[in-house]
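Build the complex from these two chains, which are given one at a time in their own frames, with help from the hints.
As given, the protein sequences belong to chains S and B, one line each in that order.
Using our numbering, you'd call the opening residue of the first sequence number 258 and step up by one each time.
Using our numbering, you'd call the opening residue of the second sequence number 314 and step up by one each time.
Hints may be right or wrong, so weigh each one.
[As the list claims (entries may be wrong)] 27 angstroms max Cα-Cα, derived DSS-like pairs, lysine-lysine:
| # | chain 1 | residue 1 | chain 2 | residue 2 |
| --- | --- | --- | --- | --- |
| 1 | S | K338 | S | K537 |
| 2 | B | K586 | S | K493 |
| 3 | S | K339 | S | K377 |
| 4 | S | K373 | S | K407 |
| 5 | B | K470 | B | K587 |
| 6 | B | K531 | B | K586 |
| 7 | B | K587 | S | K493 |
| 8 | B | K531 | S | K493 |
| 9 | S | K377 | S | K435 |
| 10 | B | K359 | B | K316 |
| 11 | B | K414 | S | K490 |
| 12 | S | K490 | B | K359 |
In short, the hints are calculated from the structure, not lab data.
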Amino acid sequence: MKKVLKKSKGGEKTDRSHVRDRIPQEKAKQSSEISQPEKNIQPLAALIFITGESPMVEQYAEICAGHGYHVCVSWNETPAKKPEFLSSNIIISGTMPARTSVAIELTNIDLPAKRKNLTKFDSTLPETAPILSSSVTVSATEQSSWISGKHRLVGIAALPSLIERPLVEVASTIYSPKETIEVVSRFFSTLGKGIEIVQDRIGMVMPRILCQIINEAAFVITEDIAALQDIDKALKHGARFPLGPIEWAERIGLRQVHAVLTALYTDLQEERYRVAPLLKQMAITDVWWTHETP
Amino acid sequence: MFKHLGIVGAGTIGTGIAQLAALSNIDVQLFDVNETILRRSLERIKADLRKAVNQGRLAPEELPGIMEHIRTRTNLSDLGNCDCIIESVVEDIRVKKDLFKHLEAHTKSTAVLASTTSSLSITSIAALTRNPERVVGTHFIHPVDSSETVEVVRGHKTNDETVDRITTFISQLGKTAILVQDSPGFIISRVSHPYFSEALRILGEHIADAEQIDRITKTIGGFPEGPFETMDRMGIDAVFAVAQSLFDQSCGETRFRPHHVLKTMMESGLLGKKSGKGFYTYEETP
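This is chain B alone, in the form it adopts within the complex (with noise of 0.2 angstroms):
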């Protein structure tokens, strides 16, 4: 069980594991280099906590608590005491190489090293690691404090213990772990890109628009969103780079080519909600 949990980046990912830890009552060293997102994490942190407090979730005298067991750090140093580092940084295997470098330093030699890449190979992750052993993927999906599953990826040299340590973890979060060996995409990034790839085809292709084949996945197929309407909550250059990553990482296999249209979108500064327009437009109202 972990006492002590370091997150390096305090994006929606890191924000959202943050929160959960701090709920387990596990203390958690928040690290970004960049002090603005610290503190914007904190107060998306705190605006939840306090929606859980509104709508009877959380009783209120326990909030303070919560956030105590939160502490923001710039310093990679600070994570030193830390029994778990879990790193949610940007999705580029030479940053996050690079970082895990960094981190078996600063960190205690027995610490487990866990990067929530959605795509990217563990193995190589670790690869400039003195003890790979120790390092493992956990790709939390976002929403973080709704989703059931951590998909736990073992690298080639991942040992039993630390695969043991980081899913009795999952568990303390009130997560379910899933097993996956190290591969592109792993389960939920590999099976799930269908569901945006062939709609993107059938979009091209002029077979329905992306209206119809939002109607017809969601009142035929039952999906709770259409892949269109999906894609532009995600972000068009989040969809792009993971099905960028997919087709990388398993050396060009064609079934995994991105689609032309997300780059061109992306290009142009169609990212989908974010940008306010995506396959759809977003109009802000009053």
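In isolation and in its complexed conformation, chain S is listed as follows (with noise of 0.2 angstroms):
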């Protein structure tokens, strides 16, 4: 006899009627499809523009250079050590260009600075031009209240590293209407990516898990439970997991991390995301502290 995994609604968290009440009916058949990349579509934009944090701004450039895409990058800050594109299609400047086709927001820190990027978008962008904003660390529902062409705006889960992989967290809000989920499933797919969508909240799914997994590292760290090279070891090896703690944090990068957790605190102001003393003192230098650290 064999057992065979039938997928049901097991559970209590299967029932949405309480989703359907809220948004379109639409929305929430959505809120449980995931998008398939499509073969073959070729990409729809002229112009990418992508500003933000970096090094998402670089990572989500190079993606979406490589897959046949014309872009334009800017930084909040521009980076210490200017950055070398692989690609030859990606040119810096300050100014987004006219014939901008999408404009991709990737800041999670500096969140004025987010809001300036936004208003800037929406009062040079054409209507139909679509906005994705990292809403990790701010609902796209709150972005959107920023800026008056609210139905383009669409929430991501945008962290370092994670556009490396074929699925993307996608949050619409009560503006957005069907239309834009799909240029943006589109969009994504032209990248060779799916899309899943998720309700609109901070933290979303995989940047909310993680960061409290290495927030719990920080903790262990602090209490000297055991050494820090033996955290990541334990991890992958004892509880299968793809990265240690340490790893994920440093290709997530400490400051970020603190952001998420610290939008998780004041968003649900549940002591459980209280952020560890030691990861608060390493986001300042943005690296893991060894007993060697001076």
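So this is what it looks like as structure tokens:
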């Protein structure tokens, strides 16, 4: 006798009728559907404008350019070391070109800068151009309240390195019509990625889970329970994690992790999201400390 | 190096350790109060070794010799000659404390006494023994044969000699020992806890459903198994027990509080794969 997995509505979580009460039916249906990347989709837009924080700007730029888009980038703060792009159709410019068809905002830490960027997008972009904006530290709904073109802003779960994966979490707002989601889905398809539509909440899914794992590792290090180098080993070989929490933090960046946890703590007002004091300290330097660090 | 190993509790972990030790030419006294469980344990080991023979990982002529290393026992005094006794019974502090007191009385004074607890305090387990310096934690992860690491947990009174001897033994089994101070959940149970607890909270807040969360963690995070698939495989009762233990051992640290969904599921018999239904439904096929 062999057991087979039959995916069902086990547990309490799949009754989404209360969700359908809040948002139109088609969005509720989207919430339980994954969009798969379509094959042989041609790039949609003439030019993508990407701004925000390093290294997400560079990572998104390379992926978009690598799939045939012309890309223009800028940063809230230009990186200390000028990035060397592999792709030749990436230009650096502080001004968004007039022919921009998709704007991507990748700020999680400096929220006043994020608001400034979105306001600029709103006043400059054509009305039909979508805005994809990272919504792990501020909800897409709140961001929409900053702009008049609310229908075109969609939240994405953007943290350094996550765009390298074949799936992107997307959060629609009550202002996002079906058409905006379809355009966003098509856009990510051209990058070889599917989308997973989740509810518009700070932290979304993967960033929230990862940052809490990293936070717990920081508490463990504070309490001197094990050697730093053993923590990743234990989780990878003992719990079959693909990366240890220290490795994850190095990929994402401690400042980003700190920003996500602080936003969760503020949003949910729960003690469980209290940032480990050591993590808060390490976020200042953006590196893990060891006992040898002066 | 241990030549004679005693194992108390012939459940999944105890059986796994017995098999591993026998493969390393260590004589094993496998103890349980229940003869049926002992018989099933031996059958499981034989089945696993036969599978290894079929897959070419073991020579068929080696099988009888390996099984010869394992003796089943129902009397604790039969462990008297063991260099090390590893306890793998139910995750209950009172049961373990009492057992260690009895083990001390029935085993030689130089034997290392180890517990496979995944979250209970080794210091507490050792509290009723006369020689707590020889009590240590050895958190083996399921499945024992393929997990590379073992957490070695030093209680407050565990001495260096005990740690050295158990670490050498773990190397003997082909595993890597990770030294951990006695604390709630050690490293693995504690740092992996948010993988499940945050997934449950995301589910409870209706941000995404279980299938989505599993899909996201596997496709974006690269995890081999989603949190809900893992909880179903481990058993909802086992997941709840570890979470409750973390919460109790930390004297109510809020981030370790078990999610009420687990309690409800457990109380209504939704235990995951072993009961046929958990977060997913599992059907037997002919």
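Verification of the hints:
no.: 1; hint: S/K338 <-> S/K537; result: 25 angstroms, holds
no.: 2; hint: B/K586 <-> S/K493; result: 24 angstroms, holds
no.: 3; hint: S/K339 <-> S/K377; result: 24 angstroms, holds
no.: 4; hint: S/K373 <-> S/K407; result: 15 angstroms, holds
no.: 5; hint: B/K470 <-> B/K587; result: 39 angstroms, violated
no.: 6; hint: B/K531 <-> B/K586; result: 19 angstroms, holds
no.: 7; hint: B/K587 <-> S/K493; result: 26 angstroms, holds
no.: 8; hint: B/K531 <-> S/K493; result: 15 angstroms, holds
no.: 9; hint: S/K377 <-> S/K435; result: 24 angstroms, holds
no.: 10; hint: B/K359 <-> B/K316; result: 21 angstroms, holds
no.: 11; hint: B/K414 <-> S/K490; result: 33 angstroms, violated
no.: 12; hint: S/K490 <-> B/K359; result: 31 angstroms, violated
Checked against the numbered hints above, the structure breaks hints 5, 11 and 12 and satisfies the rest.
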